[in-house]
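Undergrad: The lines below spell out each chain.
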Amino acid sequence: DVKVTQSSRYLVKRTGEKVFLECVQDMDHENMFWYRQDPGLGLRLIYFSYDVKMKEKGDIPEGYSVSREKKERFSLILESASTNQTSMYLCASSLGRRGTYNEQFFGPGTRLTVL
Amino acid sequence: ILNVEQSPQSLHVQEGDSTNFTCSFPSSNFYALHWYRWETAKSPEALFVMTLNGDEKKKGRISATLNTKEGYSYLYIKGSQPEDSATYLCAFILASGNQFYFGTGTSLTVIP
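These protein sequences, in sequence, are chains A and B. Numbering-wise (the working numbering), the first sequence opens with residue -17 and increments by one. Numbering-wise (the working numbering), the second sequence opens with residue 162 and increments by one.
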């Protein structure tokens, strides 16, 4: 059974803290994505990666960075958490090189609250 | 940022009713359209991947059509069941590939 796992389901952090959200997939997928989901706004792409050590900005990269040192792991970093980063964060992966359109497999999500 | 619109935003139907909803997207630079189902407390799961104008896909009681020239896709559910209750998301993929633009979803509640 294919799987995308995320390090935490719920996380509470304080303003200014550095926050790491980890995502691991076991499907040997090339592409990995980080989204945030907010009511009324749908899923918005933060960053994606189509290969190890490669990353590209999505629609809302400000305040975030990412790391992909290994193919199976894609980390989202909030350098200095702020209250407007309170959200549901979803990781996804898909098969294929850049320019493909295969379905995405999603993790269970991390609900982050920044106080 | 591309605009992908879904309507209606939410829908309540009786068990056994058939229903449909719409995903509208830019008609230029089309590459693919995906439909996902997102049940509460679960991860979104892909229903359909559609690439060709006129495509029609079916999975059990759920089907989808695609019109790339006018920029819309319909999702149909025949004989809705309570287990169909979920948010249905569409995602538009640009010709450059890889980046997905999601709609805000249609929340379906099927009342037993």
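Worth flagging that the hints you see were computed from the coordinates, not collected in a lab. There may be inaccurate statements among the hints.
Unchecked claim - To be clear about the criterion: a stretch of chain A counts as covered by chain B if any three or more of its residues have a C-beta under 8 angstroms from a C-beta of chain B, and this derived list gives those stretches:
#, stretch
1, 16 to 29
2, 45 to 56
Stated by the list, open to error - Taking lysine-lysine and the DSS-like style, the derived pairs with C-alpha atoms no more than 30 angstroms apart in a straight line are:
#, chain 1, residue 1, chain 2, residue 2
3, A, K37, A, K(-5)
4, A, K(-15), B, K230
5, B, K220, B, K230
6, B, K203, B, K230
7, A, K0, A, K39
8, A, K52, A, K(-15)
9, A, K52, A, K39
10, A, K(-15), A, K(-5)
11, B, K203, B, K218
12, B, K230, B, K218
13, B, K239, B, K218
14, A, K53, B, K203
15, B, K239, A, K37
16, B, K220, A, K0
17, A, K(-5), A, K35
18, A, K39, B, K219
19, A, K0, A, K37
20, B, K203, A, K(-15)
21, B, K239, B, K219
22, A, K35, A, K52
23, A, K53, A, K35
24, A, K52, A, K(-5)
25, B, K203, A, K52
26, A, K(-15), A, K0
27, B, K218, A, K(-5)
28, B, K203, B, K239
29, B, K220, A, K(-15)
30, A, K39, A, K53
31, A, K(-15), B, K219
32, B, K239, A, K39
These numbers come from a predicted model, not from an experiment. From the three backbone atoms N, C-alpha and C, an ideal C-beta is built for every residue, glycine too.
Undergrad: For the pair supplied as a hint, B/K203 and A/K(-15), is the alpha-carbon distance within the 30 angstroms limit?
TA: It holds: about 13 angstroms lies between the C-alpha atoms, which stays within 30 angstroms.
Undergrad: Holds or violated: A/K(-15) with A/K(-5), Cα cutoff 30 angstroms?
TA: Status holds; Cα separation ~27 angstroms.
Undergrad: Taken at face value, is the distance from the CA of A/K52 to the CA of B/K203 at most 30 angstroms?
TA: Roughly 26 angstroms separates the two Cα atoms, so the pair holds.
Undergrad: Does the structure keep B/K203 and B/K218 at a Cα separation of 30 angstroms or less?
TA: Measuring from Cα to Cα gives roughly 24 angstroms; hence the hint holds.
Undergrad: Sort out whether B/K203 lies within 30 angstroms of A/K53, counting only the CA atoms.
TA: Roughly 24 angstroms separates the two Cα atoms, so the pair holds.
Undergrad: Could you grab the alpha-carbon distance between B/K239 and B/K218 and see if it respects the 30 angstroms cut-off?
TA: Holds. B/K239 to B/K218 sits at ~14 angstroms (cutoff 30 angstroms).
Undergrad: Does A/K(-5) sit within 30 angstroms of A/K52, going by the straight-line distance between their CA atoms?
TA: The given pair, whose Cα atoms are some 26 angstroms apart, holds under the 30 angstroms limit.
Undergrad: Hey, A/K39 versus A/K53, does the alpha-carbon distance stay inside 30 angstroms?
TA: With a Cα-Cα distance of about 18 angstroms, the restraint between A/K39 and A/K53 holds, given a limit of 30 angstroms.
Undergrad: CA of B/K230 to CA of B/K218, is that 30 angstroms or under?
TA: holds (18 angstroms)
Undergrad: Would the hint linking A/K35 and A/K52 be met if the CA-CA limit is 30 angstroms?
TA: Roughly 8 angstroms separates the two Cα atoms, so the pair holds.
Undergrad: Take the C-alpha atoms of A/K53 and A/K35, compute the straight-line distance between them, and say whether it is at most 30 angstroms.
TA: holds (9 angstroms)
Undergrad: Measure nothing beyond the straight line between the CA atoms of B/K220 and A/K(-15); if it is 30 angstroms or shorter, mark the hint as holding.
TA: Cα-Cα ~22 angstroms, so holds.
This entry does not satisfy hints 2, 4, 6, 15, 16, 18, 27 and 32, going by the numbered hints stated previously.
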